[in-house]
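Colleague: The lines below spell out each chain.
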Amino acid sequence: MNREESTIQKNVTKTVCYIVLILVTIMCLFWFYLLFVNASRSNAELSRGFTMLFSSHALENWNNLVHGTLPILYGLRNSVIISLLSAALSVYFSTMTAYAIHAYDFKLKKYIYAFILAVMMIPTQVTVLGFLQLIGKMKLDDSYIPLIVPAIAAPITFFYMKQYMDSTLSISLVEAARIDGAGEFKIFNTIVLPLMKPAVAVQAIFTFVSSWNNYFTPSLVLHTDKKKTLPILIAQLRAADWLKFDMGQVYMMIAFSIAPVIVVYLILSRYIVGGVSLGGVKE
Amino acid sequence: MEKQKNSKVVEYNRWGYIFLIPFMLVYTVFQLIPLFTTIYNSFFENYRVGLEQIGPNFIGLENYVTLFSTPDIWKYFGNTMIMWIMGFVPQILLSLLLGAWFTSPSLRLKGQQFFKTVIYLPNLIMASAFAMLFFTLFANEGPINSMLIGWGLMDAAEPYKWLSNTFSARALVAFMNFLMWFGNTTILLMSGMLGIDPSLYEAAEVDGATSNQIFYKITLPLLKPILIYVMITSLIGGLQMFDVPQILTNGTGDPTRNTMTLIMYLNKHLYSKNFGMGGALSVFLFVITAILSIMVFKFTNAGGKEKK
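Protein sequences appear in the order of chains A and B. In the numbering used here, each number is its position in the first sequence, counted from 1, plus 1222. In the numbering used here, each number is its position in the second sequence, counted from 1, plus 3.
Extracted from the complex, chain A is given alone in its bound form:
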């Protein structure tokens, strides 16, 4: 009898759990569902009020958006270039930095490692003033270089790579390659980097996404319309007298800027979610 009671209780608890989880799922997805529904509706339909059903004006909104005043195709191109290059540089050089600390013994190693860990938490916002003055002096204002090159020095990505190496990369492999006469740089590129593939993939995605979503620094660096990235264009959309806008276009613009990340995420979610719990340190 006691046992029966506890089974019933367990089933009740489970049901409650599933109901809460479903509500949480709705809370997470509702906004995006509504976004994609609204992106498919015409301005006239939107002004008539709320609905959960898709309409048929997505293509029309898209055409209006592309031929409108915001240079969104340039925005897409700029966002892709900056994010891809940032991700590539960040993972390659962070792995290299982690490998330097992991595989070699040298006098300053302890201090450099401590230094990188210490600066890990410094937000870019607090140095951005000096950063803007500096790139002004270097004549790099309104250029992509200050948005891409700093990705080489990414303490958080470095830390993740270091953790991953500690748990997977054995020095004996490197030593074996040395006996075969391979150079250190070659060993790094042909042996270490391929072994780091899972970590590289996870961090490449994270760096790509955070660069794609970044609004603060690009908005201070880029001034020419055709050089601007998608988040800056979103801010311009917000700053414009938005009531005059075709709301279908506004929703389409938002959908357009977040859709690539959603697609990539849905394909790779298993690795991304796994990567979060592995890494620990992320803001």
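Be aware that a few hints might be false.
Some but not every residue of chain A turned toward chain B, in silico, with C-beta under 7 Å [as the list claims (entries may be wrong)]:
| id | residue |
| --- | --- |
| 1 | Ala1322 |
| 2 | Pro1372 |
| 3 | Ala1461 |
Coverage of chain B stretches by chain A, computed from C-beta distances (three or more under 8 Å per stretch; other residues unrestricted) [what the hints assert, rightly or not]:
| id | stretch |
| --- | --- |
| 4 | 185-196 |
| 5 | 282-289 |
| 6 | 292-303 |
Worth flagging that the hints you see were computed from the coordinates, not collected in a lab. Every value quoted in this text rests on a predicted model; they were computed, and no experiment measured them. Every residue, glycine too, gets a C-beta built ideally from N, C-alpha and C.
Following the hints, position chain B against chain A.
Modeller: Frame of chain A; chain B shown alone:
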């Protein structure tokens, strides 16, 4: 022979420095030098009035005096903290609940991968696009109000003005932050919970402890280091709050600057090229962040066993 081997090892180890060059060079140029010039700037009077450039003139600590004696900074500091707390409290509660459920050996919930994927999704969404979306959805004549009117929860003649009301405007910012971060926190707490020795749970169950007792007496105390870590890192992130309130309010921090955060204030100084005050504000933020970071290190080292 021995000597030769040693010199070879030393030669290898030289590569440690070589591989560190790109990081150190780029970090020095794009982070370290800007940090020092930011601090340097904070001691100068350097701003623009219309087309006229004032300074740079050395004025010592005057920028700091101005910064801390005007009520603005305290107001924005308060706003930032209030919106952070409004988002963080529900975030940590829901994360604890979901984490406990997902890791509970007696519940064995199905579809975990699906739920984890869903709750982590908002974290990857472009914050500025998300804020723009909420701006349109919660507009006076927007879909949310029209939905509430449709359900008879709101008077059609007087739609609720979400963004003109201090509480609801702050709540929207907090809610978006909550939505973007609770999945991340849940996954972090789960890895902490999975690290707890299962024999402790078994022993407690044998002793007849209820699942509530197990949660409060075992899970929560053992989770303390990771909870503190989550809280302080979230606070550091909270101090950087910018994209969401900036886009939601178009940079005004309305109503009556009650959603204006510290970084929005910094952004204003940067746009108006008031480098002296901007520098002082940056140094202030840097000092707070540094103190919080030191606390993170203290706790994670004291945590010892905590897996990261």
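Colleague: Each of the hints needs a verdict: does it hold here or not?
Modeller: To see whether the hints hold, each was checked on the structure:
Annotation: interface hint on Ala1322(A) holds; nearest CB of chain B at approximately 4 Å, less than 7 Å. Evaluation of the Pro1372(A) hint against chain B yields a held restraint, the C-beta minimum of about 4 Å falling below 7 Å. At about 6 Å, the closest approach between the beta carbon of Ala1461(A) and any beta carbon in chain B falls short of 7 Å, and the interface hint on this residue holds. Counting residues of the stretch 185-196 of chain B whose CB lies closer than 8 Å to any CB of chain A gives 6, which reaches the minimum of 3, so the coverage claim holds.
For the stretch 282-289 of chain B, the assignment as covered by chain A holds, since 5 residues bring a beta-carbon within under 8 Å of that chain's beta-carbons and 3 suffice. Residues of the stretch 292-303 of chain B with a Cβ under 8 Å from some Cβ of chain A number 6, which satisfies the need for three, so the listed coverage holds.
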